[in-house]
Amino acid sequence: MTVRWDLLLIPSFIFTFVLLTLSQTLFLEGSFYRDLGLGRTSDEFDFSNYLRAFTDGFYLTTLWITVKVSALAMIGTLVFSFPVAYVIARMRSRWGMILLSGIVVSTFITIVIKVFGIIIIFSADGWLNRSLMALGITDAPYTIIGTQEGVVIGLMYFTLGFGVLTLYSVVQTIPYSLEEAAEIHGASRIRMFWRVILPLSMPGLVAGGLMVFNMCMGAFTSAALLGGGKVFTLPVLIQRTIMMEVKYSMAGTLAAVLLVAVILINILSIMVLRRMRVARGVLA
Amino acid sequence: MMKTTYVNIVMRGLAVAAMLAASTLPAAADGKFDGVTLRVATFGGSWKESLDATITPKFEAMGGKIEYVTGSPQANLAKLIAGRGRAPFDVMEILDAQVPDFMATDFLQKIDLSKVPNTRYLADFQYNEMMVASWNTQETICYNTEKFAELGIPAPTTYADLAVSALEGRISIPDITSGGGLANFAGFAYAAGGDGVNIEPGIALIRSLKALKFWSRGGETVTQFGSGDIYAAVVHAGWCVRAKNAGYPVTTTHPVITDSIKGVAKEGWLGVMKSSEHHEAAVWFINEYIAEGFQYRAGTKNGVMPVNQAVISSLSADPIAAEMLETDPAMIAKALRVDYSKVNVSDWIDSWNRMVTSQ
Chain A
1259 MTVRWDLLLI
1269 PSFIFTFVLL
1279 TLSQTLFLEG
1289 SFYRDLGLGR
1299 TSDEFDFSNY
1309 LRAFTDGFYL
1319 TTLWITVKVS
1329 ALAMIGTLVF
1339 SFPVAYVIAR
1349 MRSRWGMILL
1359 SGIVVSTFIT
1369 IVIKVFGIII
1379 IFSADGWLNR
1389 SLMALGITDA
1399 PYTIIGTQEG
1409 VVIGLMYFTL
1419 GFGVLTLYSV
1429 VQTIPYSLEE
1439 AAEIHGASRI
1449 RMFWRVILPL
1459 SMPGLVAGGL
1469 MVFNMCMGAF
1479 TSAALLGGGK
1489 VFTLPVLIQR
1499 TIMMEVKYSM
1509 AGTLAAVLLV
1519 AVILINILSI
1529 MVLRRMRVAR
1539 GVLA
Chain B
1086 MMKTTYVNIV
1096 MRGLAVAAML
1106 AASTLPAAAD
1116 GKFDGVTLRV
1126 ATFGGSWKES
1136 LDATITPKFE
1146 AMGGKIEYVT
1156 GSPQANLAKL
1166 IAGRGRAPFD
1176 VMEILDAQVP
1186 DFMATDFLQK
1196 IDLSKVPNTR
1206 YLADFQYNEM
1216 MVASWNTQET
1226 ICYNTEKFAE
1236 LGIPAPTTYA
1246 DLAVSALEGR
1256 ISIPDITSGG
1266 GLANFAGFAY
1276 AAGGDGVNIE
1286 PGIALIRSLK
1296 ALKFWSRGGE
1306 TVTQFGSGDI
1316 YAAVVHAGWC
1326 VRAKNAGYPV
1336 TTTHPVITDS
1346 IKGVAKEGWL
1356 GVMKSSEHHE
1366 AAVWFINEYI
1376 AEGFQYRAGT
1386 KNGVMPVNQA
1396 VISSLSADPI
1406 AAEMLETDPA
1416 MIAKALRVDY
1426 SKVNVSDWID
1436 SWNRMVTSQ
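Going line by line, the protein sequences match chains A and B.
So in this note's numbering, the last one in the first sequence is 1542, and the numbering has no gaps at all.
So in this note's numbering, the last one in the second sequence is 1444, and the numbering has no gaps at all.
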């Protein structure tokens, strides 16, 4: 008798279909009708919402800001998390596991608390600003609240733990013996990093980077709280469109634009990476 | 003999206590609302505390239970629309800006006004068979008197008075999606020579207040006064009262809008959801809401202007309320009140969003 393991997929499929596909399909369908106010939509199928989203400078700027802060947060997260992941992965003492556990636990903390921590640190009378002014580094309090820099820092804070955990497993797949071999042949640490560790980590870095980027593109809390109503990313604008204006169609359109943008950027990134690898292979 | 006297005293004391308890809870224990759970969509924090201190115990004494669904009226309206009128609450706080929306929909049931006798303390325009007015806010400029004195800035009388370099980055005004957002946006428009249709002058005035902060919940301003992040906020007097009660050196000024308009008012209303099956309990709640007990507490503790005319005059006896709120009826009548049926709120929000993004 053959065991039908594939049947185990059915509950997950139903769960996903009902909660995700069905609800998103409703929003997607709604995006092709005009808003009439109070959640009502027209009966005529048209593309006016999409036309507006792709021709109106306001929506294009919002899309650009979303991509920009997400890309910067992704780069920052990779830069900060890779050394941490590398050090922990190469640790031979039990401290490696303890540090890794600490990072896992830090991802359990709700983002609201994390973000409010940042807000407290950067308050005008907070210890950071008092110290900066006491040292004569700044004349006036420095704040990141309500700035794109603040949103990037908030997004990095949100994704740093995930970045370390992803890259930790990547570094672990690189045999330590390769580093030893490079060292024996006289490679410096920097040369070994550029010629051995980085190329071997690249697929994992790209996958981890895209994961972080995707998380940032959809992140609402960090952008809303640290943006302080002055930085509109698409998720923030979608929330405002639904909650304040009750324009489900426009919100559905913006959600579709966000989804398509994320998918396109992922596909393009993978295509570019493949071409780079092919080119490198030809050159080699 | 001694023991008998002692027992008598105790028994008499208990009897007096029982009578007192009965007199303070006139309708107590009559079981009128046995098993009824009334869900009220209202504000959280100290607002809910005031409801819990004044109305909830009376309802519970009649066998019922009140559950407060806390959140902004905007979020509650969104829930209502998403549920196609099926609301997860019986009574809802409604903002004046939402009144045209409710009039255009079928979300409310008619209120039996004969069961809301406290409407006698309201002006005629403050109640109808669909909604009953519940509070007013006085939108003010709340400012830190010590910081203004330290920086040599005179007490502001208009929004434009805040456009000084020493206040850059130290002013907070409501985000348009917040409760006071639309009313104050109108205040800026009128103060700058525009009106409900011509809002561009207001946007220019907001731009002139450089490096603004936008608050989405009034409580943020109290925190920011405490942390030193802001020296002034455009906010309703209630948040200034709460900041003062928290120990911060703040006071209010009711901004001059035009020669004949001073201050900005926002109105709150209560309505009973069409889907509610507890009409009697809902109208009882509304009646209590506009009664002296809650209205006085909301005025003194929350800094919100009562709708109950009998309570307004008594507010002047409270030192903080007297300082922060305008209690003179002639002056109250001068405040800007927006007729939201004549403005395009969607355009306002769109203009606001573009202003923010282009900064």
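Hints listed in this document are in silico derivations from the structure and should not be mistaken for laboratory results.
C-beta: ideal position from N, C-alpha, C; glycine also.
Be aware that one or more of the hints could be misleading.
Stated by the list, open to error - Which chain A residues stay away from chain B? Per the calculated CB distances, all over 10 Å, these:
| id | residue |
| --- | --- |
| 1 | 1316 |
| 2 | 1320 |
| 3 | 1357 |
| 4 | 1378 |
| 5 | 1459 |
| 6 | 1502 |
Unchecked claim - Beyond 12 Å from chain A on every Cβ pair, some chain B residues (computed):
| id | residue |
| --- | --- |
| 7 | 1187 |
| 8 | 1194 |
| 9 | 1258 |
To be verified - Taking beta-carbon pairs under 8 Å as the criterion, some of the chain A residues facing chain B (in silico):
| id | residue |
| --- | --- |
| 10 | 1290 |
| 11 | 1292 |
| 12 | 1297 |
| 13 | 1321 |
| 14 | 1381 |
| 15 | 1382 |
| 16 | 1383 |
| 17 | 1402 |
| 18 | 1404 |
| 19 | 1406 |
| 20 | 1453 |
| 21 | 1457 |
| 22 | 1461 |
| 23 | 1500 |
| 24 | 1501 |
| request: Find the hints from earlier in the document that the structure breaks and name them by number, from lowest to highest. | output: 1, 2, 4, 6, 7, 9, 10, 11, 13, 17, 19, 20, 21 and 22
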